[in-house]
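Here the protein sequences line up with chains H and P, keeping their order. Going by our numbering, the first sequence opens with residue 1, and the numbers climb by one from there. Going by our numbering, the second sequence opens with residue 1, and the numbers climb by one from there.
Keep in mind the hints are simulated off the structure, nothing from the lab. All the given hints hold, so there is nothing to weed out.
In silico DMTMM-like links for lysine to aspartate or glutamate, alpha-carbon gap of 25 Å or less: (1) P/Lys73 / H/Glu222; (2) P/Lys73 / H/Glu223; (3) P/Lys73 / H/Asp92.
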Amino acid sequence: MNLFQEAALVAGKDLRIEARSRVTAQQILPFGLVVLLLFAFALDPHRGDLTNVAPGLFWVTVLFGTLLAVGRAFSIEAENGARDGLRLSGLDSSALFLGKAAAVAVELAALEALLTVGVVILFNVGLNGVAPLVLATVAATVGLAATGTLYGVLAAGLRVRETLLPVLLLPVVAPVLLGATKAWEASISGVSGDAWPWVTLLGIFAVLFTGIGMLAFGPLLEES
Amino acid sequence: MPPVVRLRSAVCLLGRFPALAGVDLDVAEGEVVLLSGGNGAGKTTLLRLLAGLVPLRSGSAWVLGHDLAEDPKSHRRLLSLVGHETGCYDDLTVAENVRFAARAAGADAPPEQEVLQQFGLTPLCDVVHARLSAGQRRRLAFAIAMVRTPQLLLLDEPHAGLDAEGRAALDAVLAGSPSAGRSVVLVSHELERSRPLSSREVVLTAGQAHGTLPDPERAETKDSRPTLARGATPSGSRA
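Kindly generate the complete structure, drawing on both the sequences and the hints.
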């Protein structure tokens, strides 16, 4: 098997586990919707602001979802000594990283699709400038999944991983929050030209952290 | 032919504690070596060292032609370790867990059905790991170990938790290992059961391989097998 076949094997395994355990469908997705609803309730007195702040609320919610998805991705490896099984599997560590990141990205994509419907309905947002909006979303999702997987394995072997992961991850993904929010704001307001620099930033971030993850995941897994 | 395992003065630390304090051990191709010793003697750590899961602090360790001091990962595809945990995923079925392990090990046409049948798991193919009993999980761990067609099999208390049928299946694997050219390092406290299945026995005490079993005790279980200790080579020489 080549690198991508091995990555597909790992991603398929993780997604099959998620499909069967339904953690994403029954916990992460409803959590995202609840957060959106809470934002809507909290800002209701200023209903005119909702449309303006919708992109930021959307991506903050996605960040919360990322924490849950990444935590889940590594908690399944903590059961029954599965992490040692993964280390002994013979799979290339870069493939392990790509596979786990791809599975997280798919889960985030499902969350984002649901949240998009949510912000359109709850916050009365009109989606203009579809091309930069979609590209920004794809790049941000890849960046979040790659960064989350990298920091997820860093925290995986620690007893305090649930509380440590947000502290480590959220500051690092601040550029994604900023870039994706700005790109969405520009797209929604119909000024697509302003979105492209942010899409580029998100693309660079995604490529950078995917590369770092492919290099660093193996040593971090050995230390976890 | 070089030995499958060659340890010389191998030292491993768990924290600051020397779990292995200078172990010498050779294991030849097709040999079944029984590691015995009390709790905390370093038996499990020795298995994990051979699997490349704990780092070698000093000394030398060669496994399947790979120097673990330089590269503790490349030989992993060639071995299987069955420890206290199964290494399986709770939400995957028996067949899915076996298939994932086989594909990960690079088997193009893994003998999944054959291995599942060997360990009496065929009726449980579609049952998720979380619903298996402890003994069934143990059998699944052995099935996964065997589907990887390992050259070196590392077993930690393999008979624990198995019923008579499972023990018989495991014994058949061990008995067939020499003819299959598969080396086995087996840790066990069930010496009466494990000694007849092993080529020789190495006793670990306080992180060191030493001591020879009394001949009469060994002769009760196996007359013709050689008796070696201190991690010596089959010929009795020691580096």
